[in-house]
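Let's have the full structure, built from the sequences with the hints guiding it.
Here's the letter readout for the chains.
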Amino acid sequence: MAINNKVLLHHLKEHFGNSIPIDLLPFVEKLNDVYNQNESSNNTNGELVKFKNKAKPTEDCEKLKTHNSLIQKASKTGSWEFDYPAHSIPGHNNSGDSHVSYFSDEVYRILGLEPGSLDINKDLFFPQLNPYDLNLILENIANADQKIKQYQEEHTLKMEDGSEKVVLKQSDIFFDKGNGSPTKIIGTLQDITEKKKLENDLQSTKKKKDSILQNLFNAYLSYDVINNKVLFSNLAFQKVFEDTPLQNKTSEASFLSLISDEDKTGAYTLLRKLAKGETATYNFRILLNNGGFRWLESRLVPTLDSDDGRLMQIELIANDVTAYKQADKRISDVKNDIQKQLFSVGEVVMVLNEKLQLTYISENVTRLMGFMPDEITGSALQRFVHHDDLENVIAFYKNIVPGNNDENRLAYRLRHKNGDDIWCECAAHNMTGNPLIGGIINRVRDITFFKDHETELISAVDELKRVNTNLEDFVSVVSHDLRAPLSSMQGILDLIDLKDDSVQFSEELSYLRGSITKLDNFIIDLLNYSKCTKSELKPESICLEELLDQTTTYLKFMNAQNTKVQFRKNVKNGVLFYSDPKMINIILNNLISNAIRYSNPSTAAPFVEVKIIANDENAQIEVIDNGIGISKENQEKVFDIFYRVTDDNNGTGMGLHLVKLAVEKLSGEISLESENNVGTKFSITIPNMLNNHN
Amino acid sequence: MIAEKNKYSFRKVIAIEDTKIDQYIIENTMKKCNFSENLILFGSANDALSHFENVNESDEELPELIFLDIQMPRMNGFEFLSTMNEKFGRLKDKISVVLLTSSLDPIDKATSNAFPNVKLYLNKPLNIEKLGRVSEMFC
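Chains as they are written, first to last, in our numbering: chain A, 2 to 695; chain B, 120 to 258.
Derived from the structure by calculation, the hints contain no laboratory data. For every residue, glycine included, the Cβ atom is placed at its ideal position computed from N, Cα and C. One thing to keep in mind: the hints can contain errors.
Unchecked claim - Simulated DEER-style distance windows between Cβ atoms:
hint, chain 1, residue 1, chain 2, residue 2, range
1, B, K211, A, V679, 55 to 61 Å
2, A, D474, B, K211, 29 to 35 Å
3, A, E546, B, I159, 40 to 46 Å
4, A, N616, B, I159, 52 to 58 Å
5, A, I459, B, N173, 54 to 60 Å
6, A, K535, B, N173, 44 to 50 Å
7, B, S201, A, K535, 25 to 31 Å
8, A, E473, B, S201, 23 to 29 Å
9, A, R514, B, K211, 23 to 29 Å
Right, here's the structure in full:
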């Protein structure tokens, strides 16, 4: 509304000059109405009106000024007025300087000055601005040309004592009605230092809080119930969405849709609790893409409206307890498994009183005996025991006395409901003294399977023993029956030799004789082989020298044609020696006959030497010759069965193998050293079985 | 007559042997070396026992040596020796026994030690060299 009353305009000009303070404008407008009304109602008496109206505005103005000053002081808001620089008015000369035309007292105070203490000019205000803020202000002023009517600036002031003030400056730009160019800026200046400080404190406190919540290991969600929106959620809360259909997709509030249906049912009770202001815990599952669950254990804290008690906000703190839940489940699975195992393969537990009545019987008896526990509880055990075992069973339980912690076991047969006999092994403890048990604890195990196989095993062993005995008999009988006709053939050959006309067949006969000898040697070795592998050792007191003499005598007799091999013996044998003479015979016989058979034809003085040193511990036997020797590569193989180094016709390929078997049978050791065309040395150690024998 | 007597190592020898071929060997080997003036062969131990039941106990009638096989059907050599010693105990000092066997079983050898009238244990086949050893032993 324009101020059009001429009287008022005059007064105003007297008081304020050309510009009326903007905060007085509403008041001035009202005054304008009052002046106009007075003029129209009292047109004839202009003087009176003039008098009345002259005194009143001045009084009111003073009143207004006082009030205004108080308001400004209380709100720490000053007001100011600034004449627009003349040069910026189009068509105007650039002669005039812009200047501040009004500062309220409060503006002086904000600037740290006594009200009215200094002349107002732009230098009073601007130097105290930060250079950065100064640019902003100048920019705003320049922008005013573009018809911006109002703007706000917040900037700091540097006080003389070095402190800073934050001020809020609000400016209104007035334009000339005629040419539309800006004429002046009227504004307020408010000291907001304290408010700003509080705001900053609040901000940093909030930041701190948020940072703590953000980095919390637990998932945290703050939820506005009334507006149905999430106020805050932290990083850990994002993990709730991992591996779900909503990962990286929607707002946090949607997590409610991920809660498994089973767990949603609990939500109603939960909300009622929260509505009453009670803290609640809520464990729920989040459905995952793979069909699995994420277990969350949460704690919910409600905030109620202090006025009407409505539920306003819920804070949710949650932990992912999937791992615990899974471990828990595994433990309970294992527990179930173990229980299952116990009941499927475990022992049946029976408690017997002194009359051997069943006072308790475990569930798994049904598997063992076919009866339900109730069917036989109270019955006497004897009712189910096989008749042949009854006497043993009664005696067994009679002997189980309290306090004896030894394992008392007895195997006997119980009768199954279907009439079958079940072999059971029962372990019994007398726990009559224990009030919880009050009887003999009898743990029963089904051993029918083992019993059946035990019988099978025993008969199998018997069968094997029988076959083995038969086989030994068989070998010796067959060997004998083979040898008898051979010796007859030899005898006939001997007779043919005696005939005068045998000369014409001498070559053929010598082949025949060679074959017979070879076959005979083979039979002898077979017999020895069966001795070495099958017979038990029969240790006896032996004289090693005597055994050696027997062997050499026999060999001399058998190998009359090889007598050029000289035999030497070197025996130190003064102790009682126990061993199996058959085995030692096999050893000496084969080694010496080998030495004779494989003597070196180019050696002038072939020999075989046997050294024997015996003591209480063992006998060392060495058989040394200067024969053809055994090459290195053959030394490993000579003990193998049927391995033959030479093409010698009389060898069976069993001799050294028999030696090895015999040495092993005696728990002895054998080694050999040999060099081609130099000779061979066999070294044997045989333990004295004197101690075993006693 | 003296020359005739010296021709043989023994006057009368009995051989108990079940196989024909071995009987042949015994008979012919002994013949070759003039081992015995008189050889009586029995195919079984029983036949030999019957012979002793009927024989006159005069020294002329009795043999100086018995060659005895061990492995024989029905009654073996050791059973023969037991029965012989039981029935004709007084003869056991007068007649020496030579075991002639193809057995290499040491048990047989050991068993033979139980009979004092067994003087020698020979492995078959019998030949002149072995008979020579017998002659050396007894003459």
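A quick look at each hint next to the structure:
no.: 1; hint: B:K211 x A:V679: 55 to 61 Å; verdict: holds, 56 Å
no.: 2; hint: A:D474 x B:K211: 29 to 35 Å; verdict: holds, 32 Å
no.: 3; hint: A:E546 x B:I159: 40 to 46 Å; verdict: holds, 42 Å
no.: 4; hint: A:N616 x B:I159: 52 to 58 Å; verdict: holds, 55 Å
no.: 5; hint: A:I459 x B:N173: 54 to 60 Å; verdict: holds, 56 Å
no.: 6; hint: A:K535 x B:N173: 44 to 50 Å; verdict: holds, 47 Å
no.: 7; hint: B:S201 x A:K535: 25 to 31 Å; verdict: holds, 30 Å
no.: 8; hint: A:E473 x B:S201: 23 to 29 Å; verdict: holds, 26 Å
no.: 9; hint: A:R514 x B:K211: 23 to 29 Å; verdict: violated, 38 Å
Comparing the model with each earlier hint shows a violation of hint 9 alone; every other hint is respected.
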